[in-house]
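Q: Protein chains in written order, with the working numbering: chain R, 271 to 612; chain U, 3 to 297.
Hints were generated in silico from the structure; no laboratory data involved.
Each hint should be verified, as a subset may be incorrect.
What the hints assert, rightly or not - Below 35 Å or equal to it, Euclidean Cα-Cα: the simulated DSBU-like pairs (lysine-lysine) are:
hint : chain 1 : residue 1 : chain 2 : residue 2
1    : R       : Lys516    : R       : Lys275
2    : R       : Lys279    : R       : Lys468
3    : R       : Lys558    : R       : Lys536
4    : R       : Lys536    : U       : Lys89
5    : R       : Lys516    : R       : Lys536
6    : R       : Lys516    : R       : Lys468
7    : R       : Lys516    : U       : Lys89
8    : U       : Lys89     : R       : Lys468
9    : R       : Lys558    : R       : Lys275
Being a predicted model, the structure only gives us computed values, none of them experimental.
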Amino acid sequence: MNANKNFLKAALALAVLALPFLPMVDDYVVHVAVLVMVYAVLAMGLNVLPGFCNLLDLGYVGFYGIGAYTAGILSLNHDVSFWIIVPGAVALGALCGVLRGAPTLRLSGDYFAIVTFGFTELVVLFLTNEIWLTRGPLGMPGIPPVALSLEWLGIDWRYDFFNEMPYYYLGLGMTALVYVVMGRIEDSRLGRAWLAIKEDPLAAASCGIDLMAYKTVAFAFSAGVGALAGCFMAQWSMFLSPDVFKFWESFLVLCMIVLGGLGNIKGAVAGAVVLVALGEILRVVLPKFGLPTETRFLVYGLIMILIMRFMPGGFFPTIAATSKKSRLILDLKARLEAGRAG
Amino acid sequence: MFEQQLFNGLTLGLIYALIAVGYTMVYGVIELINFAHGEVYMLGAFLCITFISALGIPLFPAIALAMACCALIGVSIDRIAYRPLRKAPRLAALITAIGVSIFLQNIAMIIWGSRPVPFPRDAVPRAFSETAFTLGSVSVSGLQVFIYAATIAMMIGLTLIINKTRVGTAMRALAQNQVSAALMGINVNRIIAFTFALGSSLGAVAGILVGMYYNTLSATMGYNAGVKAFAAAVLGGIGSVPGAMLGGVVLGIAETLGAGYVSSQYRDGIGYAVMIAVILLRPSGLLGKSVGQKA
């Protein structure tokens, strides 16, 4: 059983690593795979607030936008390297997360959701109207690709990320990093404090958990991951426009984590895979029925309603539970019954 | 100039107030931010012009018909999407509300297209487009007179329903405490359905008035209007009907004056900024009671 599982895991890892070299896989498939990674990182980052701390964030793409525009402006206008932009943009995103979060520390529930929602709308308005900085609705075309270079060491060697394949491996590295870090944090003192806040803020506070401090860390962390995804996206797609960061995008990422199961890191990744794949399939299928591709949100809306109605916990934990947990609980129940009977 | 803008802002504010009361009533009764309310407003406007142009119904019966349809849509939304989740975590209901909103918006896009649609001019009485009278430096159009008359009449009607009728008393009881209201023999689900019907039909009127005022409709118009009306409801104190009316008027004036004197590009931003500021500084709003925070 265990060996079987390890074998499956190894096979999956190998398949993911070798994907761009597999036969039948063309640039389009690799492109979609990279898109999945961007959303997987976004979903894991968003998951921190609603999933770990029970704070519904409806404005997450604001940070995605901040990261993307930081990368776009610095690399296009100031010729700064991707590797220098990344830490800077993540720090800026985290700072914005704290700035947005600090005044809302006292708020919870609907009020928090509404403030985050208003925040994204303001970010989009800023990106649309501050034309001197962002070129406004025209967008920013021609963002230079990511490059590896040893020129700063005086060695004449440079590699530009000219097609999808290097982005695939860069994205894979980013996703794996975020995944591992998320898993470690969930298991740490910090993650357990977040869980306590999620279950009952009042009880957590009376156990000596500093709500303000732990929530602030969550705001910074979640926003920083969003900005990281934004950086990557900007240099990968080489084009930015304020439209990319509207509320729908926040909703889509929210769909992913709710669909996958709130608070479940694997579920967030699974949600990203399923919804991006579904989006691509609908992009092909919808026009055949004479519908614009934008109507895929109709399908998302419907899925959202149905899942909330029939699987309020999300599909990933539900499926995992039926295979593992329920057996455990049944086993426990049987033992209790046996004990009572005896 | 200033007086004219103040007056135009007041006109816009009254329309916001009409949408905001729909939000605030639903929030007052089931504590749910009904994200789909903006879409009901949009559907009201589209249904009205469809009745006029496709079925040849005159304007006023078309408005009444659109109100009835929207009341039905509002009740159906509650029945299908929200009622099964009454006992579920609040997050689930909120996400469902967003889902319904997106679903309806896309349905509208499929039916009426994603381009803006003009309001059929020949259905609107000639008197509406002409200046009815001038008051000092302010010129008032026939349509504005109609908007004032219609919105104020509906506000008075709504206030009477809430304060003087049995069903209004039941609504207020439900807003106080659902369990004890049910114990007093109130049919909770029926009163909630009535609240949805009432709010949705007022939202439909607001959509039609906005369509006539700006002479254009679009499938995405519910989104912005919904956010602004929600801001108005928060501004006045969510759950308070007079508060929503006051909030709508204040927001409409702030927005028009802001667009005129500060920056027209940030016109929509003023609504969001006001909303955020109110939530942070005075979460109970201008006329709201201070409710304890419910996690």
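Q: Compare the distance between the alpha carbons of Lys558/R and Lys536/R with 35 Å, and conclude whether the hinted pair is satisfied.
A: holds, 34 Å
Q: Within a Cα-Cα threshold of 35 Å, do Lys516/R and Lys536/R meet the stated pairing?
A: Holds, because 26 Å separates the two Cα atoms, which is no more than 35 Å.
Q: Can the restraint linking Lys558/R and Lys275/R be considered satisfied, given a maximum Cα separation of 35 Å?
A: Violated, at roughly 41 Å.
Q: Taking 35 Å as the top limit, are the C-alpha atoms of Lys536/R and Lys89/U close enough?
A: holds, 27 Å
Q: With the threshold set at 35 Å, check whether the alpha-carbon distance from Lys516/R to Lys89/U stays at or below it.
A: This hinted pair holds, its Cα atoms lying about 31 Å apart.
Q: Starting from Lys516/R, check that the Cα of Lys275/R is at most 35 Å away, please.
A: violated, 41 Å
Q: Does Lys89/U pair with Lys468/R here, judged by a C-alpha cut-off of 35 Å?
A: holds, 19 Å
Q: Given the hint that Lys516/R pairs with Lys468/R, test it: the Cα-Cα distance must not exceed 35 Å.
A: holds, 28 Å
Q: Does Lys468/R lie within 35 Å of Lys279/R when you go C-alpha to C-alpha?
A: holds, 31 Å
The structure does not agree with the numbered hints 1 and 9 stated previously, though it agrees with the rest.
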